[in-house]
Amino acid sequence: MSAIAHGAIDCDVHVEPESMAVLLPYLDPYWHEYIRGGRIGIGHRLYPASEALSARPEARAAGSFPPADYSTLRTQLLEPYEPRAVVLTCVASFQAGRNPYYETAITRAINDWMREEFLDRDDRLRGSVVVPTLHPEAAAEEIDRLGADRRFAQILLPVRSETPWGNVRYRAIHDAAARNHLPLALHPWGGVSMAPTTTGGAASYYEDYLYNSQIIAPAQMLSLVAEGVFERHPSLRVVLAELGFGWIPSLMWRYDKDWKALWRETPWVRDRPSVYIKKHFRATTSPTQIPRRVSELEVAQFAHMLGAWDFLMYSSDYPHDHGEDGSEKLLGVLGEDGREAVLRGNAAAFYEIETEPAGVTPPETDEEARR
Amino acid sequence: MTTIDERTGETTAAATERATPATTLLVDVDVHPMYLPRDILPRLPEPWRTRLERSGGGRGSRQGSQTYPRLRNGGYRVDAAVEGGFPGSDLGLMQEQLLDQYGHDVAVLIPLIQGAGEPAGFQAAMAHAVNEWVREEWLERDPRLLATLNVPFDYPDLAVAEIERYADDKRFVQVAISGGAHSEWGDRKYWPIYEAAEARGLVMMCHVGGGNNGYRGAGAPSFYLEQHIWLHTTMVRLAMGMICEGVFNEFPALQVALVEACISWAGPLQWAMDATFEVLGEDLPHLEAPPSQYFRDHYWMSTQPIEEPDDPAQLLQAIEFTGMTDRIMFSSDYPHWDFDSPDRALPISIRDELRDDIYGQNATHLYTAAAERAGRHASA
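Protein chains in written order, with the working numbering: chain R, 733 to 1103; chain P, 3 to 382.
Short, incomplete list of chain P residues facing chain R, as computed with Cβ under 7 Å:
1. 235
2. 271
3. 281
4. 285
5. 309
6. 310
Partial selection, computed: residues in chain R whose CB lies under 7 Å from chain P:
7. 784
8. 896
9. 929
10. 931
11. 936
12. 937
13. 948
14. 951
15. 978
16. 986
17. 990
18. 994
19. 997
Don't read these hints as lab results, they were simulated from the structure. Just so it is clear, the structure is predicted and the values come from calculations on it, not from any experiment. Cβ coordinates follow ideal geometry from the N, Cα and C atoms, glycine included.
Just need the whole structure built from these sequences, with the hints factored in.
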């Protein structure tokens, strides 16, 4: 199990309400009956307790994971590791069924819960806005509702989607993100009722988990660049959270090569795709997905392929356990400056954490958002 | 290396950095003969002949080629056009443009066959008609050619019957796995095919594309650009599925070629599989070694479309990440638009010995070793 870094900006820490009852105060009474009658629970199906990945031993020993309230988060993470800042993620809505109106209601409730339970209690905490994936207009409304609260640092999207996230049908979400100067964060799971691959479902949790990063995330990266989202919104940024990054150099090489021959299909993609990827994308470090047998030399070679010094932002992915996944070896090959950039500097710049005071400020006027 | 570089000068500059072609042996493991309705109709029994006539050739019929139009001459080399035919439909032109021009010692034919949504009987009849066409019109006419046996992959009893029909023809060195299989490739329903292939020393081979890609974890992309790059994830799925569901525990001698998916994804994928296996190994209690061990013991990869990082040294590094320098095989993908030429596919950073392995020795080992294990005479 990799150690959690001390004093870092931690870009992916999971929290989740202990039960649906916690969210009921944030929901219209109509949904109370819907939830009770349908026996809808928070679920914890995406990270089931039975899977070792779902909790580090100390979180498991504490009996509650992911942290369900501020005091647990403080005891388990904030006090022992003293992070400079933490970006909280709650993926409970990623399994919210096929009802777009329910998804709208439950995402709004989760956001309000995150604000009151966490953001109001500690200036180091940043939130992720979850949105209804089946209802892009409502998603844009939710982004606009919360965008003025600068303690929300990003818009959290499930990496699994009905259509790739760059698609024009999600333009309302792209526009709202840009208008509110919020990055999009892609994170494992989602895609309720949809098979993860062209040949159907996964036969094990192991496979299902890896398909998030090895098969689905690449499709999202291809889409966001090919659809010209970053031409429409030059300041829009995307973070790949808990999606690994080993697959990215290979994808950039293939993308640049094919673009040289096929650019006529997408003439709005004006630069080599890797230029957009390096400029607009960042990835969090956990899981690093580099096993022990990979040598330091190979890790260093890989770091050069990725441009790891600029591309990576530290995350513990607390409370998830990714074993000895190579994060220390990777940080080790980056040198002192590189280590500092990954632990703090890159995230500080990406989320503007040091330059922005916590609290409510007016949304920025975004020239591009009016285009 | 025939993808056209729009930036002035780079093509010339890149050319000087290309390694010279193989000096010992040239084996090309991905060459596409393209059949025409006139090739297949006489070889089809009724009612399938009428069905094929009515569907206009069965190529790209209801869900096929118009989903992602290929903005490069329909997906083919401009100079590979055949009058009154189709690129790849004429052996004479293929000899002129490929086999003779580059001095191929061996080319492994992969006739791409569509119709994964068709009924079992039609698929079986089509596969057999294509196999007969390959045998009579290609294998009989050029001794440099080896071939892939097409089977109705989603109907394993019919697939095994087709494998048995060609058991004595050593020129068919491998069996095609459908890239658009109905179920995932580790599914036990396909095991009779793997069993038959292993017993006869046949390689299983999957070529990207094909079938019904109607749903996927991120949804359907908008452009051929995306779809074409993403095709390699077919191999990610296949490679993980066959390992994770125990295919190689059951068939320890089975060898699988992953074709037209290039190479550089395979190192980091093995890393991710092993790192995750350390945590989630309980999900896969039947695995006796880290997943990468199965990967390196059972899979082979073809080079095309070869990656071209700005720093060519990184391609060699990525190849070495795979731990499979003895399992990477040159492929040209003739006559498709992204053809890789045998004299320019590999950058100079690929050292001579490895270059020879990739251009010919590795493929020779795959196809002869598999045959020898099953007591067949080596062909390649």
